[in-house]
Amino acid sequence: MNMREEIEAAAARYPDQRSAIMPALLIAQKEHGHLPGPVLEEVADILNVERIWVYELATFYTLFHTEPVGMFHLQLCDNVSCMLRGSEDLLRHLEAVLGIKKGGSTPDGLFTLSTVECLGACEVAPVMQVGDDYHGDLDIARINALLDRLRAAAGQTTGADLTAATPPGE
Amino acid sequence: MFEPVLLRNVGVPDGHLLATYRAGGGYQALAKALHEHTPDEIIDLVKNSNLRGRGGAGFPTGMKWSFVPKKAAKPKYLCCNADEGEPGTFKDRIIMERDPHQLVEGMAISAYAIGAETAYVYIRGEYTLAIRRLERAIAEAEAEGYLGKRILGSDFSFVVHIHCGAGAYICGEETAMLDSLEGKRAQPRLKPPFPAVEGLYASPTVINNVETLACVPHIVMRGPNWFRGIGPDKSPGPKLYCVSGQVRKPGLYELPMGIPLRELVEDHAGGPPPGRKIKAVIPGGVSAPLIPALGLDVGMDFDSLAAAGSMLGSAGVIVIDDSTCIVKVATRIIEFFHHESCGKCTPCREGLNWVVKVLRRVETGQGAPGDLEQLKALCNGIFGNTFCALGDGAAMGLRAALAHFEDEFVAHIEEQRCPFNEKHAGRELLGSYG
Amino acid sequence: MVSVTINGQRLDVEAGSTVLQAAERLGIEIPTFCYLKRLPALASCRMCLVEIEGQRRLQPSCATAIIDGMVVRTNTPLIDETRSSMLDMLLANHPLDCPICDKGGECELQDMVMAYGPRESRFRDAKRVFHSKDIRLSPVIIMNVNRCIQCQRCVRMCEEVVGAVALGTVEKGMDTAVTGFEGSLASCDQCGNCVEVCPVGALMSFPYRYKARPWDLAETDTVCPHCGTGCQLTVGARKGEFMRVHSKWEHGVNRETLCVRGRFGLDFVESRDRIKRPMIRRNGALVPVSWDEAGNYLRERLSGVESKAMGGLASPRLPNEMLYQFQKLMRTVFRTNNIDCSSRWSTPFDALGPLVAGFYTRAPLEELIGNDCVLVVGGNVTDENPVTEYLLRDGARRRQTGLLMLSARPSRLDADARAVLRVRPGSEAASLAAVVAGLVAAAGQASLADVFADLGAATDGPAVTPEDGGAHRLAVALMEGKSVTVLVSADLLRSPEARATLQQLNNLLQLLRALGKGPAMQFLFDRANQLGAWDMGVLPAVLPGMRPVVDVAARTTLERAWGAEIPSEPGADFEVMLELCDSGQVGALYIVGSDPLMAYPDREFVKRALGAAELLIVQDSFLTDTAGLADVVLPAAGYGEESGTLTNNEGRAQNVRKFREPAFEARGNLVIFDFVATLRDQVLRPSTQGEIFDEIARLIPSHQGLSQDQLGPDGAFTMAGPPPPAGEFFGPPPTPTAADGLTLITGNCLFHNGYISERSEILNTVADDPYVEMSARDATQLGLSDGDEVVVRSAQGELTAKLKVNRHFPGGLVFVPENYKTLRLNSLMRRREYPCPVEVERAQATFEIATAAGPGL
Ligand SMILES: Cc1cc2nc3c(=O)[nH]c(=O)nc-3n(C[C@H](O)[C@H](O)[C@H](O)COP(=O)(O)O)c2cc1C
Ligand code: SF4
Ligand code: FES
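Residue numbers (our numbering), protein chains in the order written: chain Y, 1 to 170; chain W, 171 to 604; chain S, 605 to 1461.
Worth flagging that the hints you see were computed from the coordinates, not collected in a lab. There could be a bad hint or two in this list.
Among chain S residues calculated to face chain W with C-beta under 7 Å, some are [said to hold, decoys possible]:
id, residue
1, L643
2, A647
3, M693
4, R726
5, K776
No residue lacks a Cβ here, since even glycine has one placed at the ideal position from N, Cα and C.
Let's have the full structure, built from the sequences with the hints guiding it.
Following this line, the structure appears as structure tokens:
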């Protein structure tokens, strides 16, 4: 299915096209990596909804990115449970080894580093989400190993094959 | 030893597959409900069980269902609240990842009871594994006729759709969830009208938490009296407790409602790390006011915790030990609420911004005399005046921290530094399961 | 009824009333920000919290419905503290740049802090740095995000009232900002209602920016000159210089709303295109002269043409008093009934008269929209009467009014309609006949035996069947409605089929009346005083009060009152006047405030005809194309330079007021009429506006008993005349010829509706370039895409403009807005042919021709 078909299929689940903006944005972001203006316009056109509605949602929800993000988006939880188990130190470590501040991206476009609110996996805090996958019980050694794996995966593949390279936590 | 009910399949290999679920008696409750009970009887069963919502507010589920008008020109909807954004909470994720059919069956029975033919599961977008597993469970259930047209030969038809959230805590608030489902910015709606009368697409809608719905098949199979026999009569049933933070064995525990918090934290979760003492516990996600160590004998149920000035909320139990600065915890909590405020109402949007500024100053040793009074005044301006409970949760949490640990705040201001800073620096990571 | 006690005062109110409404009735003030009467309660600002006995928390009074026996307090220490606390929080991050804020002096936040706020803020942290620069959202709207207090009035206004859905809210929490798609409002209506309802200086009018302080402005309450909706507004001027417009909130059909033309399009009064001095034609050229010279010249020329026919055309934008005086001048001084008031169509009064007399409902539109069903026939109400459209949308969305649309041109309102019947242009009459047939079928013949017999006889058996799905749906919806309103676009009057259309409307309304639906009817005019012009008798066949010229009694009454004779035969309409000109029979043609050379079909013909009039007198404030052909040009006061009354579509007579003196050497229209009468050695009595109003109130039944002082801030309703004897049904409409090519229709666009909008600098800035609109299907078939330069060609002529593909357009339809001067659309049109068959194709790129020709030169 191409993007339009996928969006239309999603829209069929709702009695009102406007409801499909969120799923459509998730689909579009998968396709384009992020959601620049023309993509938002395309989504609005496909669903035949107001453009401003699409823009509103693309900016309200934190999982949508109107600006480009790196191939690997490192989303480190720094909410209370993770904080209590050392996520601050991990953040400092990540900033140091990647040479960027939180919110920034590495110049090679490989990594974007963010902190996020509770990921809902506090039993394995501290936790970081990368792409679709959760990585829990993190410490500095595990972070280093993870970064190595991601770099290696990036060397072998293009962004499009990423899911194949890093199998989801099944 | 308490025999797990909701987590029965969680440890089982392939517990998420239909075959496993069926082998353990899965979908018999649905068959029983459809063949032996009218919808009203199901509502009565649930009413008699005294099941109260596990999403946070503890509203009696059967009563909520009975508000749905019997005759309505519009279609009715069931919405499953799987947004699980409350920090410290992960129970719904585990149900959906490890035993999704339990939820599907619970939804089918609940929809039958209220007369809904469509359900949306609003599940937070980060939960990719749970989403995939639930999708698969829905597909399996459809293929086997547990969902779809004329289920199990009855007149009841029912479909379940998944709607993925995209990262906004407020979507867990039920009316904001409805707006989000309708493709709007997720902001709470005015009540009345209540969703049961005018909810999704202005149609009668019931919103229930994942765990709440997962209880339903068991109530149908084992009867309301069994359910009421577990824990306090007014707040009964098996309950999932999410324990995290500074304990040796963080994890998800299924135990009766009402077990003492101390037992949960010290016996089941192994207590604080070696050499540390418990300083405080947040019993129900960060919206719940913290309880200082002295108060740990409280029962973990809606009424006992409310009486103790806190709440069961989502049962996200976060343990804080004596190496940790309460000002820092309070600041982080308010930062969370500030970040997640939808921006609709003045006190929450503006008030929390102000609170964060003051707290950050105090925490970093730049507090000034009068700051604590200012914080208390801001709590007064926020609490009770916000549009939804988000702002209240923030204000209550801060009030509790100020009430129980005022000395720590005062010390920050007087010493113009965080007294815990050295301790923080020397602290080692706790590592995995204790 | 339920009872409530507020601060000890008891009151009975309608069930469903809110605490805030009840308090207002008791005169108890409760502060609010997010509340706007017109909108559903949002209850987000929390300013209006009150104590309700038995409730644990304070409740928002704007959204709390009264329950019988409720006890409310609005004046406790807790409430004082809470209000103060809300304001303190709002101020914490508010920039407090009041000295340079346009809103200073009329800011709700300022006022509220004075009344309820803390005297001193305890906030001592850094204010948030949010957007350091103001954001220019559109040519007319600029946003200072830092000042926004998130009441969301603007966004709700834009979506729920205006229906534009251009503004929205991005981000969340403290980062929340009101803006347009990607930070721009380029494609919005530019109505500025968002600016109007903004309580603080967040959304601002760019043209008014930094121009004045509110206390420096002289403010005048008046009426918008742009369309027949007749919105009330307030003009702010400084020393006679126009500064801004804002709405009057509590008054008029529009309350706080206006459209782009009303809010931003009044700067035309400052247009440089004014006629500064009188001019006469000398040696082929117009030369400026003094009034005396012009008078001498005119006296001489008039005496030379006395034996020939006379004619007069006046604009239906002029106030009643001027129009009344004009027809009096024509009838008694020029002794002719050759009078008309439209430069774009000729009104078939035989069909119009009974309709207006029998059905025109002079009542608030708001009431009419309260009917179960509102059928809108013809036109595009969104573009023609935007504020009327807001009310219709509100009716559909909040009052469950069933909107039914029957038109060739799609409009934004279609989205809110219960049924839409898209008709082929020119076949409105046939479609109405189909609706009538459908209604008869739905009603069942038995219950309607009499009506049906008449109708049957008239139509000679139903010639049209309701098989057409749309007509059937409309009929069923009308049948279901307990009460029905029909709103008719004046657009339909321009067609050669106007007579048939009006007849079918008449049939429909009679049938609805017979079915007990008490039908109400109003026209949707695009000229501010069209109904007034008819009432004033600026028509060839009727006298003031819409009484036929041939009605001896009516004529005698007026003759006696005026002390002069009135010709007894109906006169020529403008169409016929032009023909008379063309055949050399017209001595003098007197045109006031109208530009037929721009607007009347067949520009070449109009030019020839006007040129053939022996003496062309043009009285206007602007130098129009028509004025360019005149022998004498008389500079008249423009809008805002003389006072009078306008009658809007509702039949509401309202004061339009002067806010400055006539510019340059212009004189008031009444003064000029006097001047002209004197040249013919006659006097017009009375001659001042107030006295004329009184005469109108004495002589014209619709105005009986009105006095100008009593018009009040909401105006006053004129009255319907006595209903005519039960009408007959009219025969079937001509069968529309099925056109297989493209047909061109025209009309107003949002930003332009005539020669005054064309002279507004701001409207010209916000308006799109001249364009041609057609369906996506036709465009694809012709290999054209949006934005292409295209040529539209008719049998008569051609024009070139940019293509706008409109996906709501039906196939076969081409629309070109009529008021772009540069397009000269009327050169494409032929008289008595509308809609107009055309071809459309891509314009040859001119540079190709140039280069092809290039090397040889
Ligand atoms: C700010 C806020 C966040 C909430 N988040 C959640 C949530 O993530 N999951 C949930 O089930 N309920 C959440 N709730 C509670 C819901 O509003 C609602 O009460 C619940 O879904 C009802 O289901 P139940 O009756 O089964 O508990 C939240 C409430 C508030 C005020
Ligand atoms: S209190 Fe906040 S969230 Fe609620 S309506 Fe007001 S601004 Fe919006
Ligand atoms: S606090 Fe980090 S996963 Fe919950």
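Outcome of the hint check:
1. L643: Check failed: Cβ of L643/S comes no nearer than 13 Å to chain W, outside 7 Å.
2. A647: OK, holds: A647/S within 7 Å of chain W, min 6 Å.
3. M693: holds, 4 Å
4. R726: Status holds, d = 6 Å.
5. K776: holds, 5 Å
In the structure shown, a violation is registered for the earlier hint numbered 1 alone.
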